[in-house]
Amino acid sequence: MSHLNEEQLVDLYYERPASSYPHLTECRKCREAFTDLEQTLNAFADLPVPEPPPFTWREPFTARLASRWRMFALVPALAAALFAAFYMGRSTTTPPPKLAATPLAESGRERILVVALGNHLQRSEMVLLEVANGDRSTSPAVQERARNLIGETRLYRQTAVYSGDRNYSELLEELDRLLTAIANGQSQSSQPGTEQLEQLLFKIRVTGSNIEKGTEKL
Amino acid sequence: MEDFRVLAERHHKAVFRLAYRMTGNQQDAEDVVQECFLRAYKQMSKFDGRSAFGTWLHRIAANCAIDLIRSRKRRDTQQGAELNPEITMSHEPSPERLTGSVEIRRMLEPALAQLSDMERAAFVMRHYEGLCIEDIGATLGVQPNAAKHTVFRAVQKLRRALQPAFGVAQ
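As given, the protein sequences belong to chains A and B, one line each in that order.
Residue numbers for the first sequence follow our numbering, beginning at -9 and rising by one.
Residue numbers for the second sequence follow our numbering, beginning at 87 and rising by one.
These are calculated hints, taken from the structure and not from any lab test.
The structure presented is a predicted model; accordingly, all values stated were derived computationally and were not measured.
Take these hints with a grain of salt, some might be off.
Unchecked claim - The calculated lysine to any residue pairs, modelled on SDA-like cross-linking and capped at a C-alpha distance of 20 Å, are:
hint : chain 1 : residue 1 : chain 2 : residue 2
1    : B       : 243       : A       : 36
2    : B       : 243       : A       : -3
3    : A       : 19        : A       : -5
4    : A       : 19        : B       : 252
5    : B       : 243       : A       : 1
6    : A       : 19        : B       : 242
7    : B       : 243       : A       : 27
From just these sequences and the hints, can you work out the full model?
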């Protein structure tokens, strides 16, 4: 009679093949060996396992899951950053050499910006003039034009703040406030006063003039 | 996503138990749970429904645990901190002390710590998860014969480790 080897006993423990039973019932030695093995392996059922913490979507998990979506979300953010960098870039990038024919600014990019700002101030000036010269009851058309100028004004102001140009930022902040008041068609009492309008118009004209002469930079 | 969260909550304890038994470490087990559910979520389209979701999930968990164990081993080796398994068993109690099951339970974890990573993974899958040799081989990336022999080696080592408790002459 050939006895079961250890490997067969392990198979027997896990798979219990029926073919092994007759021998096991007949052979005392194998039966004892199997009982020993069983005793040892059964002990591992008692291996203590700590209670797991309540399941939570831990940050790395959620972060990694969200990563693919975050990439898409980054697109507009990157676009916005590029847009801002375009206007603010002069402080972080080496400007191109000065061109003799472009006295307005240090670089082409700045020149474009300053010219654009000059145009914006001219359009704003026209709106303010209409309000100042009228009976101060703003028409819907003027309100609409003022409303259209607000977003652009804020963008220029933000750029001026980032680039540390206090004169521009203060001027544009004041312009923003007046344009908002006009766009909202507020009551006469809350409309900008004549003196306030004239002061702002004066500042805008001076700034516009300086831009034309190429003495102003943003 | 919400459906998957429900499934994850339902299975996470079982996955944690498997991970803990394979890694022997609570922190690692928690990492395995997270990684397992992440992989499962990404591979959800590959789940063909031929096996139960729990079985499929446990297979992923076993793979995650093996990956973690391997990376941990590489890290420990690089840091020269690989433990000598013999050292972990240097405090074997005398047979006289091993009268109660409490003492035996205390020997289980050190006994498992003696196993190689592959042996431990194979043993856990065989003993606790009830996986067949073919599935264990597939999970470990080895032939069934090799998987069977790995389980056998693990059992031999465990028997030797618990010999003082049971007085078995191997």
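Hint numbers not upheld by this structure, sorted from lowest to highest: none
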